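Undergrad: Given these sequences and hints, build the entire structure.
Line order of the protein sequences matches chains A and B. The first sequence begins at 1 in the working numbering and counts up one residue at a time. The second sequence begins at 1 in the working numbering and counts up one residue at a time.
Keep in mind that a hint or two might mislead.
Unchecked claim - Heads up, simulated BS3-like pairs for lysine-lysine below, C-alpha to C-alpha not over 27 Å straight-line:
hint, chain 1, residue 1, chain 2, residue 2
1, A, K328, A, K629
2, B, K629, A, K245
3, A, K62, B, K682
4, A, K396, A, K272
5, A, K71, B, K272
6, A, K245, A, K62
7, A, K272, A, K284
8, B, K62, A, K682
9, B, K394, B, K272
10, A, K535, B, K328
11, B, K328, A, K527
12, B, K50, B, K62
13, B, K682, A, K230
14, A, K716, A, K726
15, B, K629, B, K572
16, A, K682, B, K245
17, A, K332, B, K419
18, A, K245, B, K535
19, A, K230, A, K71
20, A, K141, B, K272
21, B, K502, B, K606
22, B, K535, A, K328
23, A, K419, B, K419
24, B, K272, A, K332
25, B, K284, A, K328
26, B, K332, B, K141
27, B, K629, B, K419
28, B, K394, A, K527
29, A, K585, A, K502
30, B, K396, B, K527
Since the hints were derived computationally from the structure, they do not count as laboratory data. Just so it is clear, the structure is predicted and the values come from calculations on it, not from any experiment.
Chain by chain, the residues run as shown.
2 protein chains.
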Amino acid sequence: MSPRTPAPIEKAAPSPRETMAAERASPPFDVRRMIYAMGGGQRNVELKEKFMQEIERDPLFKLSDIHDLTKNQIRERTMAKFQSMVHYVVNERLDVFTKRMELVGIADPAFWTRFGVHYGLFLGAIRSGATANQFSYWLEKGVLGLNGMAGCFGMTELAHGSNVAGLETTGTFDEGSDEFVIHTPSVSATKWWIGGAAQTATHCAVFAQLIVKGVVHGTHTFIVPLRDPKTFSLLPGITIGDIGKKMGRDGIDNGWIQFTNVRVPRAYMLMKHTQVTREGQVFKAPLAQLTYGALLQGRTAMVADAANVSKKALTIAVRYAAVRRQFKVGHKEFESQILDYPIHQRRLLPLLAQAVAMGFTAVQMTAMYESLTAQLESFGADSDEVETKDVLDKLKETHATSAGLKAFCTWNGLETIEKCRASCGGHGYSSYTGLSSMYNDQAVQCTWEGDNTILTLQAGRSLVGSYSDALAGTELPGGTSYLNSLPSILTISCPSDADTLKPETIDNAWKCVAANVVKNAHGQYEKFVKEGKGKEEALEMCSQERFVAAKVHTAGYIYRQFREALVELAQKEDPSNGVVATLEKICALYGVWSIEENAGYFLKYKFFTPEQMDIITAEVNALCLELRKCAVPLVDSFNFSDHIINSPLGVYSGDVYKVYFDRVRESNPHESVHPYFDRIIKPLLEREPLELDDAEEMELDEEIAEMKSERDEAIKEAKAAKKALKAKA
Amino acid sequence: MSPRTPAPIEKAAPSPRETMAAERASPPFDVRRMIYAMGGGQRNVELKEKFMQEIERDPLFKLSDIHDLTKNQIRERTMAKFQSMVHYVVNERLDVFTKRMELVGIADPAFWTRFGVHYGLFLGAIRSGATANQFSYWLEKGVLGLNGMAGCFGMTELAHGSNVAGLETTGTFDEGSDEFVIHTPSVSATKWWIGGAAQTATHCAVFAQLIVKGVVHGTHTFIVPLRDPKTFSLLPGITIGDIGKKMGRDGIDNGWIQFTNVRVPRAYMLMKHTQVTREGQVFKAPLAQLTYGALLQGRTAMVADAANVSKKALTIAVRYAAVRRQFKVGHKEFESQILDYPIHQRRLLPLLAQAVAMGFTAVQMTAMYESLTAQLESFGADSDEVETKDVLDKLKETHATSAGLKAFCTWNGLETIEKCRASCGGHGYSSYTGLSSMYNDQAVQCTWEGDNTILTLQAGRSLVGSYSDALAGTELPGGTSYLNSLPSILTISCPSDADTLKPETIDNAWKCVAANVVKNAHGQYEKFVKEGKGKEEALEMCSQERFVAAKVHTAGYIYRQFREALVELAQKEDPSNGVVATLEKICALYGVWSIEENAGYFLKYKFFTPEQMDIITAEVNALCLELRKCAVPLVDSFNFSDHIINSPLGVYSGDVYKVYFDRVRESNPHESVHPYFDRIIKPLLEREPLELDDAEEMELDEEIAEMKSERDEAIKEAKAAKKALKAKA
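TA: Put into structure tokens, the structure is as follows:
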């Protein structure tokens, strides 16, 4: 053994604040202009900043303590927030208020949900399903201002979610009393997951099978009072329970409802599309599918939300990675910032590019939805055939596009949050660093408003249809217009290695490969149909291929939306401010990284050679390294206040350890009496030292031996006595 | 408008119980034999069943209520469980007890953690770091039976996790008093995440920089008393706080610790490997890396745990999918079981195959670790050079293998839980269905005991080294032996389309592609070294390539382990019971599905043609369809009691809706007084109807007009007065 050569004491590294300041020293773009570019222009940015300031100063929007509130505390706070928000919903222009709620949704997803249940789902059901007179009636009852009523939305049942047509609850017309009888026939028909039902709703929009004169007419909507608004006691025939703890969004009180022969006036069935007369005649309007337009609003909003939550998570992860130091590499003076590690850049920067891409896509998606809404509003009984076809086409395209985007963007958001959380190492596991609850809140976005897997299959089904249309010579609009170039689009490829990274090559790559996977899904479908399968069964059998088609198509769609937005931006942005140039790099990273992620298809359809795929991978590495230099100014450009970020690891200043330490200490004040020392720990530590179980200690064998000898003795004695007796006889 | 053609009322589908019974009617294998095959043989299975019965009857292991306990309640229950478990740890053979804990870990991961902190980390640190006399001392103090002491493990700090060498806490030798002074120099040096520190530990194994005579000697371990075991009051110089809420595992009380000039006797430094004499001389033993062997136990256990949690999650998802019905396809009589949808099979069955593959791999990994341990125990000062090289080689291989397996298996486990949760639709979001807390508990497995990303890079670094060795002609053992076939292994390919699915083709595919990605990582590394980069920097620069190498290598490794286990099993299993035949299908599914998942590499290195990849995809579909038929008997073969599964959706009987409904109702009893109606809801609903803000209502303009006319009047009067005055003058 020999004395070890000692290491010198290290020179202290720059402080986190100093490190963070250095990251912002020379951004390659004008940060304010970038904020405008990513935030939809100066006006929208200023509105957002106004909203951020307002909610930061509103004590009900305190966010720092949310991780330690009980379920009831957080539900109570959720309802308290209605007070100020109702003011805005009544007074603000709809487009302004929509932006306000977009922000509120990032800060407090559970409140956004409770609010959306009343204004989006309940009021939305009335708006789209009520006749003019019915609508006036509910307005007068107070639905708009939450006066005397708060709504919930009774669609899903314990045993039925996605298949609305299969719901079991019944709404039976009683001609005698001119009423509907709403009834839950079995436990599995219990209305389930109903947000607001457990504690906060007075009325419910109930989806039930309309039964008139013994005939079932399918699912319709009935407004059913649940509670007396003055006392909140349940009305006769209403049984309600609390769904209790959930993975996330505990601020919303989901409940279950059973109806036992509950009677409502006939007028409480929403009758815009189907009418039941006093005599029990049932009339149904054509084009009922136009009402589905309303369902698309939620999906559209969720695309924007997915971009926003991704940006929020990335702000935390990138800022933390910029100041966290770990390991010295080679002869460096200090431990390295973890953002300097290529693998860490790989973990975060492609996701950053994807978040920006989703952000620009969301703007286009919103515009598409708004244009559809305008068209639907001007559509009426006097519209001619051309207008009808037009609006139906638009609806179909908007539906398919929003289905694919909702699914893949909410999945992307969830994955981004998880990867950001894991990139923070152990600290990502603390509730106070915010990413774990973001994950738990986001998860449900992938399930509700159309389960993601089902939506991808709908998008895939639509693509199979588009492929048929294209083969039949129909000119396809918008997102699927690349199929107009069939069949040549299927067989194009990268002209040469030198062309690999050109934007038009990347663009063609996505179009070619998307066309091929769509062709594959279509081909499988046709094959099964030719084999004699029914249409639905054939579609089921090619569901994996439909899924792949939707996945590749949507990734390429997002890339194109990003590119188109940049073309527009380049027309108004001064090139010297570096905004467009930087965004072009981000767009390029999104393009090449998502090609790498889907490498199998690009090789299979021979758009790229293996050598070109190496060029792609090298470019991902190079762009990560390039964007790493401005990663902090980029997340600064996402423009979230520290209050909205609500994570010590993501504070603007970079002073992460101090803020984190203070937050943990403040959230867990010293308990002067140990909660369970006397009851549990003291008896545990003070019990007698354990010894090995040892049956011998009981001296059982000695005992048995003793018993045996006693018995032997007794037998001997008995024998002797017998003998003596015999002898006597 | 015309009356709509009504639909007939549907015939009721078979009940969930009936549906589940039908799934078990004719399994293609002997379920009990399958249980033995998957569970490591009859003896292990019977032990597991004994443990399951014991904990099910232990009231402390009640699991049905865990989702509604507060943090302190769940921590208290965690500590109460020690009482019975200490009995077993002292009385049971180590191998039996290890199996017991493997099961307990699935039922209650937080207890497993608290228990492991004392017995695995704290006692483990003493066992591997103490001299013989020191070890006896701590045994006598009561460390084995938890008498008068409970330990925690003070490694990580607020600003340092993975880089143990960079820890800031100091242990300075004071020659005057023959003591060490343990000190926390700054907030960022605060010991952080220390499990057990917040409320339950009396002693801590503190990692600190050893400083003797002003010279830093690197990180060493000191046993530091924290609390008086009689009163639990903190000892002088100890500051402790609670880390509070975490993403999961709230049963363990993580805390932070600051030491302020805390003095411990010199003998409290663990001195097996480094000794500090009374006079302040420091001696260090060679081969200190042998102590790292102890670290591998945790990783090895986590591979088995990843397989187990995956199987538990899949039991829930598969049983639920078997009884859940949604949508009618074509002319079917009833709504379809969702497990009958090809896309649902695709979501679950490849993950089932992966879980089984990980299960068999874990058995082999454990055997490798145990053989290393035996070798390390027999290794001593008298071991010769050959023995030394041998044990170091073994250590290196076990380290690299366990690093890759720990990382990818814990990630696989996390992903499996999430996909199972999402596959349950909305109900997956309820806490009571169990998958959300499984996710939250599992997430940390990817970070602690070696952050997964760092471990993959270590595995990748080892592969780069193995490639160099192979080029130099060294014969490689075990998992990397395919590199002995360089260079021919790099360029083999599938001989023909007809050979695509042969097991030996799949096996060669994995070897070929793994060899290529390892070669690629090695080549990048060599390139950077040739360009003049230092070794560490060159390794960093090829980290993405190392990551890919580790990923592909490990997937192939798992496939081979599975195959080898089947060869062994085939020798002892009666072919007529169907066990091996079914497992071969599962192995085949794992093989082809993971090829499909990594398609890009198999195409890039031209092992398969695009057409052969289509054959692979078709085979994944076909095997999913095939295994779907016995999916329920397969998850039955995972052999978990309903108590361990702890999810209404995964009950053996299939009666999911009743059990789920009852669980939710029992967990959320009716509250007779609404917790916040009077305070929040009543004032909200009863306030005056809101009106649009309207400044005119204030009649400000009239007021202004009035004020103006008054002022005009006054001016007029003043003028008149002036005029009159003037006239007078």
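Undergrad: Could you tell me which of the numbered hints above are not met by this structure, giving the numbers in increasing order?
TA: The structure conflicts with hints 2, 5, 17, 18, 20, 24, 26, 28, although it agrees with all the remaining ones.
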